[in-house]
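Add chain B to chain A, keeping to what the hints say.
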Amino acid sequence: MTTFSEQFPIVFQALNVGFLQTLKLFAITLIGAIPLGLIIAFGSMSNWSAFGFLRPVVLKHVNLRELTWWQKVQVWFVTDFKPVRLLTRLVIWVVRGTPLMLQLLVIYYFPGLVWKNNIWGSGETGRFVASSVAFVFNYACYFSEIYRGGIQGVPKGQQEAGQVLGMTKSQIFFKVTLLQMVKKIVPPMSNEIITLVKDTSLSRIIALQEVIWAGQAFMKGSQGISGAIWPLFFTGVYYLIFSGILTLLLGWAERKLDYFKA
Amino acid sequence: MAVLDVKGICKTFDKNTVVLRGIDFSLEKGESVAIIGSSGSGKTTLLRCLNFLTTPDEGKILVNGETLFDADDPATQKESEIRRKRLHFGLVFQNFNLFPQYTALQNVMLASELLAKEQPDYHTRKKELHEEIRQNAEKLLKDVGLGEKMNLYPHQLSGGQQQRVAIARALALKPDILCFDEPTSALDPELTGEVLRVIRSLAEQKMTMIIVTHEMAFARDVADRVIFMDGGVIVEQGASHQVIEHPTQERTRQFLSRYAEN
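Each protein sequence line maps, in turn, to chains A and B. For the first sequence, this note's numbering gives the first residue as 352, with consecutive numbering after it. For the second sequence, this note's numbering gives the first residue as 292, with consecutive numbering after it.
So that you can see chain A by itself, here it is in the shape it has in the complex:
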């Protein structure tokens, strides 16, 4: 099969199958990372301190100027050591500070090679689950920082207005803060979501059969077509169309929230 018109139906069919896998990974990542990011955001803002109840007592009886540096560390440990916040920010640092491609490789190969127990199984399903875990966790960390910015960007007075009206903390979050935060984060989230469309192609590194993989197959030889580079280039059209649709959708969401100013 050498003519383009002969190749096209076969390639089109294969790329559609690949792009379906791309879409699935995209959807799962959003469904998982949007709520997980919120939990991580709360972790990174947590003020919980293991010895917080001792804080007033310690501050009352201690004069920081008279202490040695080691005693100051001890005072800090009692008054300002926030394990949840510290741990969460450490995790965010590691996840944002290393390449997603590396995270995919580690998550997919580590259990099998190091624990001698490949929890993902060997087939396409296993690769998909491993990719999903890597993507959800990675994107949740990025989302959490966007959420944190959004929550902290809502004026303190909004929370106080809720408090003096007798609302609970969760009522204040869900009825007052949340929508104002959502409005603030739509533009940066749009950016991340568009990036995610293209980042899914990184799962090619563990041979997930997404659209790039499907396009590449025709270079090596598949279904009687080999040495064809155009299918790989053609995958770009899929990404373009999909990110175009998303841009329209996210723009619509942004306009929907234009009914109020915050």
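It is possible that some hints are incorrect.
For lysine to any residue, the following SDA-like pairs were computed, each having C-alpha atoms within a straight-line distance of at most 25 Å [to be verified]:
(1) B:Lys320 to B:Met498
(2) B:Lys376 to A:Thr528
(3) A:Lys507 to B:Met498
(4) B:Lys306 to A:Val409
(5) A:Lys520 to B:Thr345
(6) B:Lys320 to B:Met292
(7) A:Lys520 to B:Thr367
No wet-lab data here; the hints were simulated from the structure.
Then chain B, alone, in the frame of chain A:
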């Protein structure tokens, strides 16, 4: 019996910024008190203490004889009970703090609706309760002269209109004591009149109020009593005409003469 008794309230921020140095005063039912004093004299902090937005270091707060707060008794400082205690007070903020995503009417209704959900018979009387809350909110908005504007969002209202919505919102929960934190300071001069008129009519209806203000003429004409604060203490208090026209303390005289110059 006094509606409000404040005894020996002290507050220090960051270990050495003393803001309140022992504030004592009481308030009779139906009485309105204006608190005057220069910036940094502790007026706002005092209001925030009454509304449990700031926790005093020392002192007691009693409403209708019930101890709402006692710095020496941790049992009075439980987060779960503070929510209920706040409902004795209403607070109108300097910069309104309306919820931008809700209409004027929804702003007034929100807290009442959330509280109604806690009633045991909420599910059987849902419609009826909702209707009551809506009618009450509509009446309050008509009373502050915003009957025509109740379906507009805060950004569609002028500053004076927003502040009147905020007053209606605070009144919706029928507080025993309504506090105003410089309610006209964020307004253009031509908009202060409409807000002051609303507060004046509340005074005529014998609403118990504490008004922190820089409007001396208003304090003199509307409040029953004036408290002058300076450096975290009450320097002088008495009948409003007495304090503003014939102050007995030198510091009060200095403060008022600076005002007269402007």
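Status of each hint after checking the structure:
1. B:Lys320 to B:Met498: 8 Å, holds
2. B:Lys376 to A:Thr528: 23 Å, holds
3. A:Lys507 to B:Met498: Roughly 28 Å separates the two Cα atoms, so the pair is violated.
4. B:Lys306 to A:Val409: 12 Å, holds
5. A:Lys520 to B:Thr345: Holds, at about 16 Å.
6. B:Lys320 to B:Met292: It holds: about 8 Å lies between the C-alpha atoms, which stays within 25 Å.
7. A:Lys520 to B:Thr367: 19 Å, holds
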